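Asker: Model the full assembly from the supplied sequences, consistent with the hints where possible.
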Amino acid sequence: MKAAVTKHGVFEKMVFSAGYRERFTGKNLAIAQHKIVNAAFRRGWAPALFGGPARHLIEKFDELAASGSVLDPAEWMKLMALDALTVAAFGIDFDSFHHPDTPLVATYNAIVAEIMDVAQLINPLFTCSAAGRRMKELLNQLDRYFFA
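So that you can map any letter, position 140 of the sequence shown is 140 in the numbering used here, and since no number is skipped, the others follow by simple counting.
In case anyone wonders, no lab produced these hints; they're calculated from the structure. Note that the structure is predicted; figures quoted are calculated from it, not measured. Keep in mind that the hints are not guaranteed to be accurate.
[Unchecked claim] Computed beta-carbon distance windows for the label pairs: (1) 128 x 48: 40 to 50 Å; (2) 48 x 123: 33 to 43 Å; (3) 58 x 133: 15 to 25 Å; (4) 75 x 131: 16 to 26 Å.
Think of the CB as a built atom: it goes at the ideal place given N, C-alpha and C, for glycine as much as any other residue.
Answerer: Next comes the structure, spelled out in structure tokens:
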């Protein structure tokens with residue numbers, strides 16, 4: 001079983017085209033998020049890349065734990081992934097932990113929410129639907145933010 005999962009060249013995996021998801025995350029969302037965030041919790045991680053986002057994540061977890069608030073790790077991991085990606089790609093820490101209401105974070109969260117709706121994404125007509133057009137516009141907004 002381990003060989004089937006780890007030796008990608010030997011055991012071909014089914015390619016699932018799900019709307020615009022691949023444009024945003026690559027071929028596998030779970031693996032992409034795991035690879036981004038996992039590095040911050042390993043010995044060989046790059047402090048310049050993950051130091052700030054990891055510290056912000058731990059600070060927020062400590063604040064929420066001290067206040068007795070409910071903690072949703074997935075929401076905070078999304079922000080850490082966004083910060084790590086922007087540091088890696090642009091050399092800028094957007095500090096989305098302290099500024100969660102910025103247009104970039106709102107667009108990013110909207111895209112992640114859209115790609116989690118698998119029922120729509122596996123629809124072969126998704127790109128022609130209203131949801132598909134909305135997703136394309138969100139991706140274009142993100143592109144304009146990063147590349148304008």
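Asker: Going through the numbered hints above, which ones does this structure break? Give me the numbers in ascending order.
Answerer: Number 3 - this is the single hint that the structure violates.
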